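Novice: For chain A, the structure is supplied; the task is to place chain B on it using the hints.
What follows is the residue order along each chain.
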Amino acid sequence: MIKSSKQITSLSFQGLSNSYAQLFLSTNQLAGLLIGIASFIDPIAGSCGLAMTLLTNAIAYLFQLNQAKIKSGTLGYNALLTGLFIGHTFTWSTYLIFILLTGSILCLMFTIAFENWLSKKNLPFLSLPFLVCVWLLKLATTGLSNLAPNLNELFVFNHLYRVGGEHLLNTYLSIEQLPIAPVIAVYFRSLGAVLFQYSLGAGILVSIAIFIHSRIAFTLSVLSFISGYVFYQLIGANMNDLNYGFIGFNFILSGMALGGFFLIPSRWSYLLALIIAPTIAIIGIGSEKILGVFQLPLLSLPFNIFVILFLFFLYFREKAVFLQLTPQQFASPEKNLYSYQNKSKRFSGYSAFKIHLPIIGRMRISQGHEGKITHLSDWKFAWDFDVTDAENRTYRLPGMLVEDYYCYNLPVVAPAAGTVVKIIDHVKDNGINQVNLTENWGNTVIIQHAPYLYSKLSHLKPGSIKVYEGEWIALGKTIGAIGNSGRSPEPHLHFQLQSTPYIGSPTLNFPLSNYVQMGIDVPRFTRNGIPNEGDWVENPIPNKLLQESLSFIPGKKYTWQIEQTGLTEIWESHTDAFNNRYLYDPKSASFLYFTNDNLVFEANAFYGDKNSLLFHFYIATQQILLSYYPNLSIENPLDISEIYKPTQRFFQDWIAPFYLYLQAKSKLNYAYFYDDIQSPKIKLEGSIELGKLFSKNALMVFQIEFENGQLSQFHITHNKQQLTATCISN
Amino acid sequence: MEKLRYERPVVKKLNTGMMNKFGTRTEYNPVTHIDGVSVKELIGQYGSPLFVISERTIRQTYQDCKRAFTNRYPRVQMAWSYKTNYINAVCNVFHQEGSWAEVVSGFEYNKALQNGVPGNKIIFNGPDKTDNDLKLAIDHNSLIHIDHLDELYRLMEITKEVNKRPRVAIRVNMDTGVYPMWDRFGFNYETGQAWDAINKIILNDQMDLVGLHCHIGTFMLTANAYAIAASKLADLAYHIHAKFNKKITYIDLGGGFASKNTLRGSYLQGNVSSPSFDDYAEAICSALLNAEYSKQELPLLILETGRALIDDAGSLCGTVLANKRLSDGRRATIMDFGVNILFTSFWYEHKLSPAQEFSHYTEDGVVYGPLCMNIDVIRENITLPPMKKGDNVVVHSVGAYNMTQWMQFIAMRPNVVMIDMDSKVHLIRNKETLEYINNIEEMPAYLKEFTLS
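Protein sequences appear in the order of chains A and B. Residue 275 is where the first sequence starts when you use my numbering, and the numbers rise one by one after that. Residue 462 is where the second sequence starts when you use my numbering, and the numbers rise one by one after that.
In case anyone wonders, no lab produced these hints; they're calculated from the structure. This structure is a prediction, so every number in the text was calculated from the model and none was measured. Just so you know, even glycine gets a beta-carbon here, dropped at the ideal spot from N, CA and C. One thing to keep in mind: the hints can contain errors.
[Said to hold, decoys possible] Derived, one-sided and incomplete: chain B residues facing chain A with beta-carbon distance under 10 Å:
| id | residue |
| --- | --- |
| 1 | R520 |
| 2 | A529 |
| 3 | T531 |
| 4 | P579 |
| 5 | D739 |
| 6 | M873 |
| 7 | N876 |
[To be verified] Dumping the calculated DSS-like pairs for lysine-lysine here, alpha-carbon to alpha-carbon at most 25 Å:
| id | chain 1 | residue 1 | chain 2 | residue 2 |
| --- | --- | --- | --- | --- |
| 8 | B | K756 | A | K751 |
| 9 | B | K625 | A | K955 |
| 10 | B | K721 | B | K544 |
| 11 | B | K464 | B | K850 |
| 12 | A | K740 | B | K756 |
Chain A extracted, bound-state conformation (with noise of 0.2 Å):
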């Protein structure tokens, strides 16, 4: 709860900020306030705009809704809509208070009833809750003598003069009557149109508040006006919807909302900006027909249509290769793109089912997926693993008997946790050389880890199957012994995945986590993936000293001495009602949002100070095996955004949804490892790596050290600066 007037004061200073930038789908605070002078041109309009915003917002707040919601302008948006129309259609008079009274409560209830029915299906509610709000409210008023219509805007000049005598008029006319093309007029005039503002000062500010908030949402934004434009012109509809009938700004939202915010940005989003205004176009004038028999203005209905229509539809395809859903909505198209596209290359392939190797210790896949032997057709997403020798021998010699095999007899373990639904033991080893076609799977256990998630291991040693059918086994639990059951000429183990419990099941494309590669030059972790033909693969062996480090538990804290500078900073560790777990430094009320599943470690988000050290942890551990390996090295792709300065990445903007050429991302070393006995030592090293258009550099180098069961050690170099922060209590 906020107690303090200060935090109250912030608190309506950021919901009003938000609500005026919400309007154009931002949380830019600049942005919110140049729109918020935007509304001021027609005075009557801005102040009833603002009125029923803060009014709305106290409401909420009083009657204890979410101060987040409050805070991010969610709730006042519609309102400070509904308000701007009172103003615009009426003058002040003491009933318009009582009208701005009823239409805060009225637009806050419609905004938490659309709010709710529309997020159960992930849509967004936009504008719905204004549109209704101000058709009751016409129907309403109509014909109430007491409310005096606003004519402002039939008499600007008048208006103006009254005002602000001819200096502001004179001002007023100077924009008015800029030399600008006809076209690029109603673009503004459209822009203002949002905000009942018919004017091209307001417009102006409006874009100058986009191109502030985003770059491409500016481009989106005139791209889709001008689709809109154009096709107007080319079936020779009445211009003035465009340009009088406040019809314009439709085609700007739509562009804008599901070019960059809705939607990732991409060149399939920006083809959409430029070829949805039909639709628009004819959602609008056909319900203008109906509304019109009421005498109710169309406002942005064809805008809530058409998008909320578009989401709708896109979620049901069942696989998303183009225009891709914004996965998590920072409010800034370009946020939105760099993190996604950070995202979808550290994590592409996740698998929310951990499936581990079915195997101790390390074995080379001798066959992989569409394997040229036996992985054809409908079995084709299998494994088959075997052991060699330095010589590339799967036997001792002579191998003629399967005991010569050196993965005969070796254990075969659970790949995940499930239960055992059927099991076969009572298949004959084959001679080398033999296959049994009969009962070609051999010796089989399958286990069920999840609805439609099958695992089944085959060719086992008869009577070597230690599980029984139904029961519960996890991870890593012994199943039974590699074997030469079944269609086997030599002993091997097959693996595969399926989604139906029977035995010759086809097999399922699914991934496998959390394996490390061996055999080749330095070792190679994979989170998510498929080993293909030929891989020595191994389960990583988890390393305590790592695990403990990196636990985090919460509750718990850790001071940090900085050398340098003689500051401490104190992480806390805290889990919240989600059970996402983050470090918290309440100096500079950063946080790291981090996942351990005592495998991997991932720092996965940042929010706070750039400056603080535990943004610089955030940037190094981006990933880290908790499991050592001499030259083991992970490399991941860090978000620009959280790289870059906005003014180094100013270019970037205009043309990230086609070609991003700024990179940066963090390498980590497996740099030193002393005695895993008693009391062991670990160092990772690292560095953060910028890629320019034509140049590589190095950000800022690092070295994490462990010792005595904790992160001991976190050292920076950064251009040119060192840091040697020091855990000194935890």
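Specialist: Just chain B, lined up with the frame of chain A:
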């Protein structure tokens, strides 16, 4: 065409048995090359007798053993048992493969250090550790395996003197169901001696008890004994944790794996009766995985396997000195190597192969060494093809213990060569010379002169 080789006639007792058109055949094939190098050339260059070590076989055997364990248990560490063969080149092959060092004396300890093994990767076993040895081991942070209470008491005193906390383990002996039970080393499990030592170490709080060690015997012909040992040690470790909240981070099961040699008096051939690495691994690893350790806290399994890793890699090349017939009619062959350098012939029925072609006729006989001592018998009973003076033989699987337990007795110890992965021969130990022996002798002045009349 090469001239047909003359073979002397053989006298052979006829055995009745199943008729067989092939006659009785020998198990022997001539072994003319070791790792692609001709035995005759080796002897020509380095003299006879000659120990030959195959680097390829060492690495293959090591990897075979390591794999058998790492494919069954996630945390495995091998430690090379120096006493089995501490020729530096041999040790370093093992160290290159990743082995730590396991030593049982100050001499071996220093050898390991000089080979470049970091002190914290040396395991110091055995009942004989001098004060200086202990101080050195503490200084290098080695793993000291305490053998008896007197050693423990001495270590406590030394710890106070040097003011450092050594890392220690205790050696535990126990009944694993095999005879003989090795109870002369370490502290007994069943009688509570082990707990006595553990209590003393932990309550005294001067050293860190980090591991448990046992070594249940040698040439163990049953893998199951290891399963019993492993589960007893794991049980002990679990209860140490329960009682003192101290984690035992490793379990060292010592050595004792049988090689493929045939023990004297054994009915079956060694390669049939000895368990394979897989058999040992299966027994040990399943016992450890089934112990009360949690999956996240599995102890490191240390193995000090010596014999089974090096035996097959060593061969002894020798030469026939003479043939004679004994009074009972048996044929005797005298070789130029005896029990002085082939100490293991006291235990094993070593397999011998002639190093040149021969026909399929064989004769029962005895193989003697060259020493002028009655005990110098290499094989009491052996069926060999007839060989002439100057012919060469290869004795197989002699890599373990011979090159450490050999004696400078009557004759000098011979050259040792290693054949590397590319079949190149390296001399890794020079044969001894008279100067070498005399060098360490001292002659009192009054004994220097004498006259014989």
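Novice: Now look at each hint and say whether the structure bears it out.
Specialist: Here is what the structure says about each hint:
no.: 1; hint: R520; in the structure: holds, 7 Å
no.: 2; hint: A529; in the structure: holds, 8 Å
no.: 3; hint: T531; in the structure: holds, 4 Å
no.: 4; hint: P579; in the structure: holds, 9 Å
no.: 5; hint: D739; in the structure: holds, 6 Å
no.: 6; hint: M873; in the structure: violated, 36 Å
no.: 7; hint: N876; in the structure: violated, 28 Å
no.: 8; hint: B/K756 <-> A/K751; in the structure: holds, 10 Å
no.: 9; hint: B/K625 <-> A/K955; in the structure: holds, 19 Å
no.: 10; hint: B/K721 <-> B/K544; in the structure: holds, 19 Å
no.: 11; hint: B/K464 <-> B/K850; in the structure: holds, 19 Å
no.: 12; hint: A/K740 <-> B/K756; in the structure: holds, 18 Å
Comparing the model with each earlier hint shows violations of hints 6, 7; every other hint is respected.
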